[in-house]
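Chemist: Here is what each chain is made of, one letter per residue.
Number of protein chains: 4
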Amino acid sequence: MIPAMSLTLSDDRYGAAGIRVLRVLRRGDRHEVRDLEVDIALEGDFRATHLTGDNRAILPADSMKNAVYALAGRHGGGEVEEFALALTHHFVLEHDPVTAATVTVREHRWARISISGRPHDHAFSRGGDERRVARVRRTGEGVVVEAGIEALPLLKTKQAGFRGFLHDRYTTLPETGDRLLATVLESNWRYGWPEVPFGLHWQQVRQVILGTFAEHDSRSVQHTLYAMAQAALEQCPPIAEIRFRLAHRRHEPADLSAFGIENDNEVFVLAAEGEGVIEAVVRREDIWI
Amino acid sequence: MIPAMSLTLSDDRYGAAGIRVLRVLRRGDRHEVRDLEVDIALEGDFRATHLTGDNRAILPADSMKNAVYALAGRHGGGEVEEFALALTHHFVLEHDPVTAATVTVREHRWARISISGRPHDHAFSRGGDERRVARVRRTGEGVVVEAGIEALPLLKTKQAGFRGFLHDRYTTLPETGDRLLATVLESNWRYGWPEVPFGLHWQQVRQVILGTFAEHDSRSVQHTLYAMAQAALEQCPPIAEIRFRLAHRRHEPADLSAFGIENDNEVFVLAAEGEGVIEAVVRREDIWI
Amino acid sequence: MIPAMSLTLSDDRYGAAGIRVLRVLRRGDRHEVRDLEVDIALEGDFRATHLTGDNRAILPADSMKNAVYALAGRHGGGEVEEFALALTHHFVLEHDPVTAATVTVREHRWARISISGRPHDHAFSRGGDERRVARVRRTGEGVVVEAGIEALPLLKTKQAGFRGFLHDRYTTLPETGDRLLATVLESNWRYGWPEVPFGLHWQQVRQVILGTFAEHDSRSVQHTLYAMAQAALEQCPPIAEIRFRLAHRRHEPADLSAFGIENDNEVFVLAAEGEGVIEAVVRREDIWI
Amino acid sequence: MIPAMSLTLSDDRYGAAGIRVLRVLRRGDRHEVRDLEVDIALEGDFRATHLTGDNRAILPADSMKNAVYALAGRHGGGEVEEFALALTHHFVLEHDPVTAATVTVREHRWARISISGRPHDHAFSRGGDERRVARVRRTGEGVVVEAGIEALPLLKTKQAGFRGFLHDRYTTLPETGDRLLATVLESNWRYGWPEVPFGLHWQQVRQVILGTFAEHDSRSVQHTLYAMAQAALEQCPPIAEIRFRLAHRRHEPADLSAFGIENDNEVFVLAAEGEGVIEAVVRREDIWI
Numbered sequence: 001m002i003p004a005m006s007l008t009l010s011d012d013r014y015g016a017a018g019i020r021v022l023r024v025l026r027r028g029d030r031h032e033v034r035d036l037e038v039d040i041a042l043e044g045d046f047r048a049t050h051l052t053g054d055n056r057a058i059l060p061a062d063s064m065k066n067a068v069y070a071l072a073g074r075h076g077g078g079e080v081e082e083f084a085l086a087l088t089h090h091f092v093l094e095h096d097p098v099t100a101a102t103v104t105v106r107e108h109r110w111a112r113i114s115i116s117g118r119p120h121d122h123a124f125s126r127g128g129d130e131r132r133v134a135r136v137r138r139t140g141e142g143v144v145v146e147a148g149i150e151a152l153p154l155l156k157t158k159q160a161g162f163r164g165f166l167h168d169r170y171t172t173l174p175e176t177g178d179r180l181l182a183t184v185l186e187s188n189w190r191y192g193w194p195e196v197p198f199g200l201h202w203q204q205v206r207q208v209i210l211g212t213f214a215e216h217d218s219r220s221v222q223h224t225l226y227a228m229a230q231a232a233l234e235q236c237p238p239i240a241e242i243r244f245r246l247a248h249r250r251h252e253p254a255d256l257s258a259f260g261i262e263n264d265n266e267v268f269v270l271a272a273e274g275e276g277v278i279e280a281v282v283r284r285e286d287i288w289i
Numbered sequence: 001m002i003p004a005m006s007l008t009l010s011d012d013r014y015g016a017a018g019i020r021v022l023r024v025l026r027r028g029d030r031h032e033v034r035d036l037e038v039d040i041a042l043e044g045d046f047r048a049t050h051l052t053g054d055n056r057a058i059l060p061a062d063s064m065k066n067a068v069y070a071l072a073g074r075h076g077g078g079e080v081e082e083f084a085l086a087l088t089h090h091f092v093l094e095h096d097p098v099t100a101a102t103v104t105v106r107e108h109r110w111a112r113i114s115i116s117g118r119p120h121d122h123a124f125s126r127g128g129d130e131r132r133v134a135r136v137r138r139t140g141e142g143v144v145v146e147a148g149i150e151a152l153p154l155l156k157t158k159q160a161g162f163r164g165f166l167h168d169r170y171t172t173l174p175e176t177g178d179r180l181l182a183t184v185l186e187s188n189w190r191y192g193w194p195e196v197p198f199g200l201h202w203q204q205v206r207q208v209i210l211g212t213f214a215e216h217d218s219r220s221v222q223h224t225l226y227a228m229a230q231a232a233l234e235q236c237p238p239i240a241e242i243r244f245r246l247a248h249r250r251h252e253p254a255d256l257s258a259f260g261i262e263n264d265n266e267v268f269v270l271a272a273e274g275e276g277v278i279e280a281v282v283r284r285e286d287i288w289i
Numbered sequence: 001m002i003p004a005m006s007l008t009l010s011d012d013r014y015g016a017a018g019i020r021v022l023r024v025l026r027r028g029d030r031h032e033v034r035d036l037e038v039d040i041a042l043e044g045d046f047r048a049t050h051l052t053g054d055n056r057a058i059l060p061a062d063s064m065k066n067a068v069y070a071l072a073g074r075h076g077g078g079e080v081e082e083f084a085l086a087l088t089h090h091f092v093l094e095h096d097p098v099t100a101a102t103v104t105v106r107e108h109r110w111a112r113i114s115i116s117g118r119p120h121d122h123a124f125s126r127g128g129d130e131r132r133v134a135r136v137r138r139t140g141e142g143v144v145v146e147a148g149i150e151a152l153p154l155l156k157t158k159q160a161g162f163r164g165f166l167h168d169r170y171t172t173l174p175e176t177g178d179r180l181l182a183t184v185l186e187s188n189w190r191y192g193w194p195e196v197p198f199g200l201h202w203q204q205v206r207q208v209i210l211g212t213f214a215e216h217d218s219r220s221v222q223h224t225l226y227a228m229a230q231a232a233l234e235q236c237p238p239i240a241e242i243r244f245r246l247a248h249r250r251h252e253p254a255d256l257s258a259f260g261i262e263n264d265n266e267v268f269v270l271a272a273e274g275e276g277v278i279e280a281v282v283r284r285e286d287i288w289i
Numbered sequence: 001m002i003p004a005m006s007l008t009l010s011d012d013r014y015g016a017a018g019i020r021v022l023r024v025l026r027r028g029d030r031h032e033v034r035d036l037e038v039d040i041a042l043e044g045d046f047r048a049t050h051l052t053g054d055n056r057a058i059l060p061a062d063s064m065k066n067a068v069y070a071l072a073g074r075h076g077g078g079e080v081e082e083f084a085l086a087l088t089h090h091f092v093l094e095h096d097p098v099t100a101a102t103v104t105v106r107e108h109r110w111a112r113i114s115i116s117g118r119p120h121d122h123a124f125s126r127g128g129d130e131r132r133v134a135r136v137r138r139t140g141e142g143v144v145v146e147a148g149i150e151a152l153p154l155l156k157t158k159q160a161g162f163r164g165f166l167h168d169r170y171t172t173l174p175e176t177g178d179r180l181l182a183t184v185l186e187s188n189w190r191y192g193w194p195e196v197p198f199g200l201h202w203q204q205v206r207q208v209i210l211g212t213f214a215e216h217d218s219r220s221v222q223h224t225l226y227a228m229a230q231a232a233l234e235q236c237p238p239i240a241e242i243r244f245r246l247a248h249r250r251h252e253p254a255d256l257s258a259f260g261i262e263n264d265n266e267v268f269v270l271a272a273e274g275e276g277v278i279e280a281v282v283r284r285e286d287i288w289i
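Protein chains in written order, with the numbering used here: chain V, 1 to 289; chain S, 1 to 289; chain L, 1 to 289; chain E, 1 to 289.
All the given hints hold, so there is nothing to weed out.
Remember, identical chains collapse to one label, so a pair may be satisfied in a single copy or spanning two.
With a straight-line Cα cutoff of 16 Å, these simulated EDC-like cross-link-like pairs (lysine to aspartate or glutamate) come out: (1) LYS158 to ASP264; (2) LYS158 to GLU266; (3) LYS158 to ASP29; (4) LYS158 to GLU32.
Since the hints were made in silico from the structure, they are not lab data.
Using the sequences provided together with the hints, build the complete structure.
Modeler: Structure, rendered in structure tokens:
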């Protein structure tokens with residue numbers, strides 16, 4: 001050991017990830033379900049446990065799990081943002097050593113089974129990997145609420161091109177005015193204030209994103225990303241900023257020329273280069289005027 | 001080496017798994033997509049390659065992939081069963097050493113994006129992990145067609161119980177007349193003859209399965225499995241037999257009594273024993289009388 | 001409903017999959033760990049639960065989990081085959097309705113951490129996805145023991161070719177006498193009698209498989225498969241038959257000619273056709289003479 | 001559209017993830033393999049493509065893939081840090097619009113197959129999910145090199161406790177001086193300067209981490225995290241800071257008391273609360289004195 005060496009601890013946090021809870025709401029014969037997954041990260045002065053193993057500031061992950069279960073009764077049946085708000089309240093306000101808490105609640109969505117066009121009261125099928133997500137960060141100063149969408153695969157077969165791009169010595173990709181555009185979308189947006197009708201806005205933003213994706217005349221993935229961001233900010237005033245991460249899964253027409261078969265953009269295969277990743281944040285500047 | 005030892009080769013087959021192709025159908029402005037995944041297994045007398053490395057009977061997996069791409073133009077836009085039929089035709093009839101071929105086609109389903117309630121012409125979002133599957137086995141004698149569903153998560157919050165079961169020295173599970181029933185369903189059914197309106201029947205069987213799951217008064221997973229099988233066989237005459245595999249994801253009410261909180265079947269957690277697996281085949285006996 | 005329809009139930013079984021248990025053996029200061037995953041499938045006459053919901057023949061999956069935990073103390077510290085034998089004994093002999101049980105035990109393997117070349121007494125790191133597997137099926141008539149390996153990725157960069165194969169109209173793959181051979185191996189072998197030194201044989205068969213893969217002059221995946229099977233049967237007399245499933249991950253040299261770069265089998269990429277799948281069983285015929 | 005709204009684009013980047021390449025080094029009969037996975041993210045002024053679809057600053061992900069393949073010949077056979085340095089050099093220095101590039105290279109590690117204790121020249125088996133990782137960020141001002149380990153599962157069965165922790169109203173976890181400690185480790189460290197013997201240091205840091213994990217008398221996960229960080233910084237002077245993320249997979253003794261079986265820390269099951277997550281950065285302050 002070098003006696004002169006001095007070490008600094010920073011960015012330390014602890015918590016739990018992947019706490020699952022299924023909340024059933026019984027409104028007479030009509031049931032609803034919330035299939036939730038909770039991540040928790042706590043911040044504070046935790047040097048003692050690092051340096052000496054003094055755990056007086058450390059809440060077991062097991063107690064966090066119990067808190068999720070216990071609070072799911074009162075708060076787990078509403079919007080995911082509200083559950084995340086309640087959980088951060090619990091961790092920051094009731095635990096002295098905790099100065100900040102970030103709680104993420106993901107909802108795995110179930111759809112009612114339809115029988116002869118009539119949605120069933122208490123039977124459901126799961127609608128896919130797409131998740132609604134809420135993330136709340138609370139400190140002594142205040143609270144920030146984000147909402148979002150994760151793992152939403154999108155595809156359009158028209159109104160997409162990619163031309164006039166940068167060429168270098170390794171560029172062989174042909175330019176095209178008509179390509180298939182496939183992406184897996186992730187988006188998070190921050191609300192300018194912590195109390196909005198969360199469910200309504202989430203549905204609205206999701207609809208704006210989907211509609212813009214469908215109708216935009218795409219010249220690049222970035223071009224469509226920005227159009228979606230702009231539309232969301234324009235149509236949903238409580239949003240202060242929005243972030244996108246688009247995993248571009250480039251497809252190309254299968255080359256069937258060796259077999260004397262013409263392929264007029266009918267048969268596509270996933271290109272083999274890994275996936276493209278396009279990220280950006282768009283923020284409005286004119287709020288609070 | 002023991003000179004007297006003689007070895008027998010059996011159950012050998014070769015092929016490819018996971019060949020992906022995306023087929024776009026352009027009917028004027030209205031596009032459709034088929035997102036397909038193909039598995040191929042060929043049978044025949046392949047002893048020479050095993051024993052001596054003589055590969056004259058071995059078609060490269062790469063040629064299988066090319067065949068999938070090449071045939072996707074003409075056959076990939078219809079029902080998955082038809083594509084599988086065409087592929088087995090290609091492999092069995094055009095390759096002397098191949099005496100039997102089994103082709104599985106899985107469809108990952110995309111739904112049209114809706115804008116103001118109107119389905120869009122050429123933009124789609126993916127509907128989940130659920131897959132429609134077709135499996136065709138063709139030999140010199142004929143062809144067998146199966147259709148099915150994979151990876152469909154189902155949940156009901158009422159009309160399910162589990163009582164009067166076998167107890168042994170390790171049984172601690174309480175009996176209940178009101179449990180949450182969550183399962184991931186896989187089902188395959190064999191058609192009694194190889195030409196039926198595949199799309200129509202697949203939709204019908206799927207609807208019968210979902211409807212029966214929702215409305216059945218379940219006393220066990222098996223009880224519901226059999227009810228679904230019976231309903232499918234009754235309502236869809238071309239089906240000769242149907243197989244189910246239900247992965248039971250048992251949930252139990254979170255025990256909140258230590259915190260003075262009553263949990264009246266509102267907050268559930270996934271039980272930790274791994275998942276239950278229930279399988280059976282149900283066959284009709286009266287066909288062709 | 002067709003009144004005349006009569007239905008037959010068959011191939012029904014139930015059980016549990018993915019029960020995890022970690023068994024620690026404490027031999028003084030020297031500890032050992034067995035990280036086990038158990039699947040159970042029971043057979044018998046279970047028609048009553050299917051047809052009427054009478055569950056008297058149905059043991060809860062929860063009781064199976066408890067049995068795994070309870071028996072892990074006495075049996076979980078030995079060889080995985082012995083634990084599977086003990087579990088099938090429990091299910092078949094102590095439960096009247098159960099006429100057959102199949103128990104699969106997978107071991108996730110941990111290696112001791114080495115410090116200055118000395119293996120540590122009680123600290124471990126995990127060695128990969130490769131699993132040792134035992135599968136025991138017990139009926140009233142007797143017991144069959146299989147052992148195996150799952151998820152073992154293998155690679156050789158020399159002594160592998162693929163030539164003289166079948167060509168069809170879609171064949172474009174070039175022949176080669178020097179290819180990179182990458183595969184993920186799964187193998188199961190059945191012992192001719194149920195009591196052998198399981199640990200010793202598993203190690204021996206694994207070593208024979210690896211050694212043959214490395215040293216064989218491969219003309220096809222099948223050619224190497226058969227060589228491994230033959231070597232295992234020759235060198236391990238208790239094995240009655242052995243099955244392989246090789247997932248062939250074909251790599252090809254990256255085509256760098258457009259950039260004026262020669263690629264003399266130095267830079268490889270995974271080919272995009274899905275993976276090849278090669279399966280076979282090899283059985284000895286001369287046993288018990 | 002609200003005319004007064006002005007939008008700001010920030011944190012935008014694009015690139016590719018998951019580009020795989022396998023580099024074979026042929027040193028006479030002795031071969032080596034590098035199984036690499038590359039992620040690339042480029043930064044610069046990309047507003048034009050977002051706002052108008054002008055793509056002149058956008059290099060296709062396909063060209064990035066080609067660059068990885070092309071540079072793998074000269075640079076892919078050395079240390080992963082060197083390959084990442086070469087790739088960032090290519091992207092920043094040869095592309096005007098690119099002002100910064102971050103390249104991550106992950107190595108999936110293969111071990112030589114041993115035959116009778118002798119490592120084979122050209123046959124390999126894969127050693128697990130653990131990955132060696134290098135991350136290089138290059139801007140006009142300079143370059144930062146990080147190395148790391150991902151997905152390394154560790155386990156110790158002694159010398160671990162957790163006592164004296166914070167209790168709240170939901171705490172039921174018992175204190176213990178003897179628990180099983182299982183974690184999946186991820187660590188990244190930043191070198192104080194960009195040219196060090198990367199392979200040597202990576203091996204050394206990995207060994208220090210494993211050795212400290214094994215020998216530390218752990219009072220909490222944090223306590224062991226800090227001990228590993230301290231040891232790495234002390235024993236490897238070129239490291240300026242080190243980050244850890246430990247996913248704690250808490251195990252607890254199975255409760256067998258209902259069956260009259262004593263469980264003296266022999267049979268463990270994974271606790272069901274999701275996994276604990278503990279993160280921190282430790283930095284030395286005395287460097288460059």
